[in-house]
Amino acid sequence: MGLTGFLTVSAALFTLGMVIFISRKNAIAILMGVELLLNAAALNFVAFARFTPSQASQLDGQIFAVFIVLLAAAEAVVALAIALSVYKEFHQVRADKLVSLKG
Amino acid sequence: MSHILSWVVFVPLIGVPFLWLMPAKKAKWIALIATIVDFIIAIPLFTHFDKSVKGVTSQMQFVEKLPWIPSLGTEYFIGVDGISISMILLTLIIGVAAALASWGISKYERGYFAMFLLLQTAMLGVFVSLDLILFYLFWEIMLFPMYFLIGIWGGPRRVYAAIKFFLYTLAGSVGMLLAIIAIWYYAPGERTFNMIDLVQRVHEGGVFSGPMIFGFPFVKVVFIALFIGFAIKVPIFPFHTWLPDAHVEAPTAISVVLAGVLLKMGTYGFLRINFPLFPEVFEWFRDFLIALAVINIVYGALCALAQTDLKKMIAYSSVSHMGFVLLGIGAATTQGINGAVLQMFNHGTITAMLFLLVGVVYDRAHHRQIAGFGGLASVTPVYATVTSVAFMAAIGLPGMSGFISEFLILTGAFKVYQVATIIAGLGIIFGAAYMLWAYQRVFFGKLNTKYKDLTDMNFVELASVVPLIIIVFYLGILPDRLIGFFEVSLNYLSAILIG
Amino acid sequence: MSYIQSVIPFVPILPLFGALVLGLLGKRIYTKFGENVTGVLGCSMPFISAIIAATSFIAINRLDVTERIIRINLMNWVTVADLQLQWTFRYDPLSAVMLLIVTIIGTLIHIYAMGYMKGDKSFWRFFSYLNLFLAAMLMLVLGDNLIIMFLGWEGVGLCSYLLIGFWFTEEQNAIAGKKAFIVNRIGDLGFLTGILLVALFSMKLFGSTNLSFAEFHGNIDVLAEQTFWGLPLLEVIAVCFFIGAMGKSAQIPLYVWLPDAMAGPTPVSALIHAATMVTAGVYMMGRVFFLYTWAPHALGFISIIAALTCFVSATIGMAQFDIKKVLAYSTVSQLGYMFLAMSVGAFSAGIFHLLTHAAFKAALFMGSGSIIVALHHKQDMREMGGLLKKMPVTGYSMIAATLAIMGFPLTSGFFSKDEILWKAFIQGSPMLWLVGFVAAGITSFYMWRLVFMTFFGETRMDKHTWDHCQEQPKRTVVPIAILAVAALTIGFWNVPHFLGGHSNFTNFLDPVVHDLSSSPMENYRKLQLIKEKDQQESTAQTMKTESGHQAAASGHEAVVDHTALEWGLMIASVAWTFFTGFLAYIFYLRNPKAREQIMASALAQRVFMVLNNKYFVDEFYEAVVLTPIRKLFDFLGAFDQMVVDGLVNFAGFMGRITSSFIGIFDNEIVDGLVNGAGWGAQAGGKGASSLQSGKIQTIIGSSLIIFIIIVGCVVLFLR
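Protein chains in written order, with the working numbering: chain A, 704 to 806; chain B, 868 to 1366; chain C, 256 to 974.
Please keep in mind that the hints were generated in silico from the structure rather than gathered at the bench. We treat Cβ as the ideally placed atom computed from N, Cα and C, and that holds for glycine. Only true hints are included.
Interface residues of chain B toward chain C, partial, derived using beta-carbon atoms under 7 Å:
1) Pro1105
2) Thr1108
3) Cys1170
4) Thr1201
5) Gln1202
6) Asn1205
7) Leu1264
8) Gly1266
9) Ile1271
10) Phe1311
11) Gly1312
12) Pro1346
Calculated cross-link-like contacts (lysine-lysine; reagent style DSS-like; alpha-carbon spacing at most 30 Å):
13) C:Lys633 - C:Lys848
14) C:Lys633 - B:Lys1313
15) B:Lys1319 - C:Lys373
16) B:Lys918 - C:Lys459
Isolated chain A, as found in the complex:
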């Protein structure tokens, strides 16, 4: 099983995340889409790290993946906190109804 398989799965995950991100109205769902996007990226890192020809930096990709997991956790915490604040303020978390940033 070569690199292409990993990348295919990663692209599928990314597309899925993107579609969720754009099409879902619920902010929580969008956050879940973001998690998918992040994980797609992490999968990419790991895959590239595994198949890289260079022996000097075998672990670089792995480190990035760990970072992404940490970042995703942090992001989820912050974003959910925001979502909760938004819900407190507006009594809902539907992204298409929250237009106070409209120019």
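Following the hints, put chains B and C in place on chain A, whose structure we already have.
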């Protein structure tokens, strides 16, 4: 006293700030004092004037010369010779008379008198400038106060008249400015705006080396451009129609200045710049000029006969009388040209008188329709008498100044243009006709009962008219006293023009 | 400085001073001191002038004949290059005679006017004007050059204007005054043209000129060689001068103002329109007689005009009922006589008739004025009659003056008129004589008609007027009587040779005015012959005495004895005037029925109608001259307003139209572009801002699309 000429020119302007130091009602005193002071400090000008100096091409007197815009070669260059000194005298006299005639102004007095004094300075400036740009500057400055004086303090159609006056004169002066620049650019020898030098060079055979313009020789085009600029001011038929409107709408004092001095600026321009700079073109143009003069005389007189408004009639009589000036200048013989300048002076004093007198009746009756009066002589004998003197002066009765100048002009013109002179003589008959006809309808006949309580002339009105009457008689009996100032200059100018 | 030189300048200056004083202070004097003081003040200046004139006259008679031309130079007037005019007076026999006439009659009329103008509220103004008139008239008479004469000439015109319109509340008077002034001006233009011609040629030929009569006289035979527009110069000048005289002295066709001028107060009619001003033309011709000796054709023209005037106005005089109008037409007719004399070269006879006419016509006018006042300003002779009883002094004075004007033997008119008729016969033509002869008869007729209608017969006025009319006070009638006596006696100054006299008057004038000894045409030929001879004999002789050639020209020819003819003509004219006078007596006093019978015929009616309406000359002028001029100036006034000013306003209008077009263009297109750019930017901004919907998903989506587009572009094009 050094810089006396500058003082004479700018003293009226110095009076302007003082207007704001006085209550508005007293502003007229400042104006009167300024004009009188101006007259007094000008006296040395006349007593020290050397009558035997030729002027025109050189030897100007009381000269002042300062660099002004060196890059253009423009200078503050002023001075007088015989031609201008008589006009300065006229301006100063009319200035005092007009200040007195402004006694009844009761609207924005300060503004009025500020404009009036600025006008006085501008007119004096025109007559003393010897630099073309300076001349043009004063010429244009003069428009500005005139526009407001007519446009604000005038009669019912004042705005129309003011705009017409302004635009008409401006249209003429555009051509004049272009001509001045052309003269400077193609001047014989070094480029200069110094008109005395230019005349001198032309007199010594210098030629303007300009190109053909629209297929006409350069000098002719420039001559015509200048001529139209000045002709509008004179005014010469067919450029005269601004005059009746401006006169009718202007307040009395401004009519006085307009007829007394402003019209002379046109003929002064002919004598100072237009003709001596282009003597050959003048030679070519002369017949046409005489024709215009005769048209002015006869046409003006006939139009005056047709008028129903007293002021308009006098305005047209100005057209007719200025025709005599043109006739004299066009003939350019010694008598003709001397008579013309004398006529400029006399017409100034006489017409000023006429307008002052019309103002007197207008102030009381608030209209000027000739047919609307009748029999005034029985309620206002002094006014009737003074008016009859003024009318007789305008008719050119011997013993008064108008006759001398008309006779000189006719004598001078008769030397070269006999037929034209005789036709011009017809103007004298028509002149008598319109004056007497108007006089009869206003003063004679049954008294119009509407005016049975009309008051006679008051002291201020008399004070403005009587000095002019004295001048008219004095110059009728001793015209040499004035002719002496300009005879030498003008004889020389006549020699330049017709060799 | 001799006596004459020192006093003559005061002759015109004193009345001028009087006029000024009365004009400026008259009202105050009048209200404070009353009529008499004002009147005496008004009379004093002319009176002093008259004394000076009389003493100077005596003084000049004592001088040697050759020294009788005295020129008094006061100061420069106008000097411009070759034109050098001076204030100079000239006192010589001719001006001496005129001075006497003007000052003495002037003084008498001033005194008379004190009575006539009694009670007028403008009493002072009247005397001021009269004084001014005298000043101007004396200036005219004393002027040494043509321009001073012209000054006086116009000055008297002005005073005439002022005095005709003296009672200005009547529109009619004012119109008459204006008419007089303007008609005079037409003549003056002719005079002025003549002066200009003299000036022109004098300057051209002699370098400079002062236009004095002496200079003109001295140059006359050089000027005679000149032509102007192909005509002999002197003929042209002569005609021009005569046109001036036509206006001032009321000759056909410019006589129309004089009858209208009777609108003025009667002293004015007497002084100005009978005795002095209207004779200025005659005086002027006498002054420049030397010109006319060189202008025979002009004289021929003048003789025709003069004869016509003389006859026509006499006929009009027959059919007038206004007493002053009769006298006015009589004046025109008598002026015709004077010009008749001038035109045949009998200059002194013309001047002499001027003198006698001044006396008798002034007396007649003053008499008529006296009647008019007595009748409370009624002038119609049909309402008079029988006044001799009531007003004896006036009546007898007027009868004496009438005797003089008809030419009753040994009265002044007899001598002067007879001389003219004789000269017209011998130096003119029998035709001229005949016209003058007939006119003399007519004169006699209308004058006696006037006398009979006024003083004799039954009165035709209403009782009230009749009861109230009485002889006027002394100050009015004494001057009339004095003039009447003068009218009877003054003729003895010039008794002709064939009656045993010495023609003293003619001799007195001789230093300045020479009569021609033959007809003007012959005289002209003689002058030319003499000149040719002169030129042949000595071309070097350039000295000219003032009267050299003329004296030679009037040298005596073979004397033909005309005494019998003279007697014959004289008796004929006396008989003829007696006859017409008698006719008037029959028609208007003894047998009015005869007159009514004649007047009943249609022809007589028609003739009378034409004469009474003065040949419809005024109507003719109205239609042919005035109406077209009125139309012309009305047209030109409208033309100026509509066309000339219309063009200017049209130009202004076009300017405004153009500017409003440009305004529209500017607003819609030029500014439109600017606004369009703004609008575009705004619209673009609007569109772009709609992207900023605030919906996170839209933002992300669009940025994704843009990202894809950019990447696509990079991949497709930039690789």
